[in-house]
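Novice: Sequence:
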Amino acid sequence: MLLMKKEENMLSNYTFVRGMRDGIPICLGYFAVSFALGIAGRGVGMNAVQAFVMSLTMVASAGQFAAITLIGAGAGIIEMITTTIVVNLRYLLMSCSLTQKLSPEMKLLHRLALSYCMTDEIFGLSISVDGFLRPVYTYGITIISVSGWCLGTVLGVVAGNILPALVTNALGVAMYGMFLAIIIPPAKKNHFLGALVAVSMAASGLFSILPYLKAISSGFRVIILTILIAGIAAVIHPMEESGDNPGQTESIRTSENPDMKKEERNR
Numbered sequence: 000m001l002l003m004k005k006e007e008n009m010l011s012n013y014t015f016v017r018g019m020r021d022g023i024p025i026c027l028g029y030f031a032v033s034f035a036l037g038i039a040g041r042g043v044g045m046n047a048v049q050a051f052v053m054s055l056t057m058v059a060s061a062g063q064f065a066a067i068t069l070i071g072a073g074a075g076i077i078e079m080i081t082t083t084i085v086v087n088l089r090y091l092l093m094s095c096s097l098t099q100k101l102s103p104e105m106k107l108l109h110r111l112a113l114s115y116c117m118t119d120e121i122f123g124l125s126i127s128v129d130g131f132l133r134p135v136y137t138y139g140i141t142i143i144s145v146s147g148w149c150l151g152t153v154l155g156v157v158a159g160n161i162l163p164a165l166v167t168n169a170l171g172v173a174m175y176g177m178f179l180a181i182i183i184p185p186a187k188k189n190h191f192l193g194a195l196v197a198v199s200m201a202a203s204g205l206f207s208i209l210p211y212l213k214a215i216s217s218g219f220r221v222i223i224l225t226i227l228i229a230g231i232a233a234v235i236h237p238m239e240e241s242g243d244n245p246g247q248t249e250s251i252r253t254s255e256n257p258d259m260k261k262e263e264r265n266r
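Its first residue numbered 0, the sequence shown is counted upward by one per residue in numbering that gives the first Met the number 0.
There may be inaccurate statements among the hints.
What the hints assert, rightly or not - With beta-carbon atoms standing in for the labels, derived distance ranges:
id, residue 1, residue 2, range
1, Thr98, Leu162, 38 to 46 Å
2, Phe219, Ile77, 12 to 20 Å
3, Ala194, Pro163, 38 to 46 Å
4, Leu101, Leu192, 36 to 44 Å
5, Ile80, Pro103, 27 to 35 Å
6, Leu111, Val166, 36 to 44 Å
7, Pro103, Pro163, 14 to 22 Å
8, Asp129, Leu55, 29 to 37 Å
9, Met9, Met105, 34 to 42 Å
10, Ser207, Leu92, 17 to 25 Å
11, Ile80, Ile226, 33 to 41 Å
These aren't lab readings, by the way, just hints derived from the structure by calculation.
For each residue, glycine too, the CB sits at the ideal point set by N, CA and C.
Throw the hints in and build the complete structure from the sequences for me.
Specialist: Following this line, the structure appears as structure tokens:
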């Protein structure tokens, strides 16, 4: 019993550290984007504390940029709340999708904590794990990523008006690079996924130029395209359920962790 508990703790620690390691690229991208966000916040009169609290409680670049724009325009609180909800509605879909990766025995507290961790990039890493998602993996990604996000925002506010607009605009490109780093590796292994990404990009482009569709807000556009494309993909290419019997899980655990392999040989 004690040995099993020790192995479980070792696996949790290893998984948490692996999550932090996998979150480093996201942290760097978040830092660059949030730095530009902090500069924008400084432009509408926000101080470092306000910007930090905003980034800590809403880790969403589109939502924060929308809120900062509305603050600068003198919009009311109701308009800001409504706009932020619409822009961030896609996270509801991501959360629903991620529940399929959670063990039925997972406690409510972990599920609530994971809901805070939902960003496009963290979701992308969490949903791609084999078998059930261990929440400590997502926690590791989130801690390192949100730290970069909040630090970048604060430093952006502090930098204030020092950096020219050209540099600020260039920092926004980091978000696209981060998405490419997440999409390209799995797309190389799965050609159907690569085709799905291409179809999604083409559909998004059409929504931006067609007369009636371009009037739809970006938040609703993402939701509509996500439902349509994900639904069609699920019908055409359904995912096979992965087995999670105890023997297989133990095999995965020991193959994942070199320290546990060593202990297994010593037994």
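Novice: Tell me the hint numbers this structure goes against, listed in increasing order.
Specialist: 4, 7, 9, 11
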